[in-house]
Amino acid sequence: MLIGAVETGCDFRALVRQHQAMVFSIALHFLRDRATAEEVAQEVFFSLHRNLHQIESPAHAAAWLRKVAAQRAIDEGRRRSRRPQVALEDVGEPAAGAKPSDPLLSDLLRKLVATLPEAPRMVMVLRYQEDLDPAEIAAALEMPVATVKSHLQRSLAMLRGKLVRRGIGESGWTG
Amino acid sequence: MDWLEDELRRALARQESPDGFADRVLARSGRGSSGARRWLAAAAMVVVAAGAGGAWRQHEGNEAKQEVMLAMRLASAPVHRIQSEVRGMTQ
Numbered sequence: 001m002l003i004g005a006v007e008t009g010c011d012f013r014a015l016v017r018q019h020q021a022m023v024f025s026i027a028l029h030f031l032r033d034r035a036t037a038e039e040v041a042q043e044v045f046f047s048l049h050r051n052l053h054q055i056e057s058p059a060h061a062a063a064w065l066r067k068v069a070a071q072r073a074i075d076e077g078r079r080r081s082r083r084p085q086v087a088l089e090d091v092g093e094p095a096a097g098a099k100p101s102d103p104l105l106s107d108l109l110r111k112l113v114a115t116l117p118e119a120p121r122m123v124m125v126l127r128y129q130e131d132l133d134p135a136e137i138a139a140a141l142e143m144p145v146a147t148v149k150s151h152l153q154r155s156l157a158m159l160r161g162k163l164v165r166r167g168i169g170e171s172g173w174t175g
Numbered sequence: 001m002d003w004l005e006d007e008l009r010r011a012l013a014r015q016e017s018p019d020g021f022a023d024r025v026l027a028r029s030g031r032g033s034s035g036a037r038r039w040l041a042a043a044a045m046v047v048v049a050a051g052a053g054g055a056w057r058q059h060e061g062n063e064a065k066q067e068v069m070l071a072m073r074l075a076s077a078p079v080h081r082i083q084s085e086v087r088g089m090t091q
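Top line first, the protein sequences correspond to chains A and B.
Counted from 1, the first sequence has number 5 at position 5 by the working numbering; the numbering is strictly sequential.
Counted from 1, the second sequence has number 72 at position 72 by the working numbering; the numbering is strictly sequential.
Be careful, since some hints might not be right.
Looking from chain B toward chain A, a few residues come up when the C-beta cut is under 10 Å (computed) [said to hold, decoys possible]:
1. S17
2. F21
3. L26
4. A71
5. R73
6. A75
Simulated from the structure, these hints should not be mistaken for lab results.
Just so you know, even glycine gets a beta-carbon here, dropped at the ideal spot from N, CA and C.
Could you build the full structure based on these sequences and the hints that come with them?
Below, the structure is given as structure tokens:
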């Protein structure tokens, strides 16, 4: 395994250090719970440790981690679905004066994304956290590209509508 | 690119993992492999012990068999002597 790791450039220790933020953030943005996100991220890396012999290159490792992190986060979200989750009614209003680039607006957007169903929510996380294009998201989530595009369009329209109803638009706080 | 997508990129930017995360992962994954090695060693010891136990039982069985055969030989000698004496008297 050591020889394989040297040949492929896939040293487990280096992969953990390089990709920990990516794996943890996918779980965090999807689940919105730091402790659970850390557990999921740890499981993802233990899974990588068990399957390191299958990894062919550093790029393959990154794609593998992204895909497994998304799958594990979705699975964990389903397990937690019996427990209360963030409902749209629970999403607090941003303080008066919220405008684009405001930390309060970022928090509101994260909460609104958390109210999306699981598939469009993970599509949004991979699109805006990882900057993946629809084809890459489709490969990671094993869904048609057209479905990814549809999730993106509908989610953006929903978010835009919610923000406008709160008086937040391109020109900032208008309420 | 519209302002909402910019805001989403900002809101969903990667976060730092918790302090010590990588160390915890590396420590636990190391424990996992050494734990697996310990299980393999324990399993190997059980197999060796079972094999040794079987060999010992076979050795003991052979010894017992030899003792029985010796006892039978010792017991059969006087019987043969008496049989030959009886045979001589009848002739």
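Here is what the structure says about each hint:
| no. | hint | verdict |
| --- | --- | --- |
| 1 | S17 | holds (4 Å) |
| 2 | F21 | holds (6 Å) |
| 3 | L26 | holds (6 Å) |
| 4 | A71 | violated (61 Å) |
| 5 | R73 | violated (63 Å) |
| 6 | A75 | violated (67 Å) |
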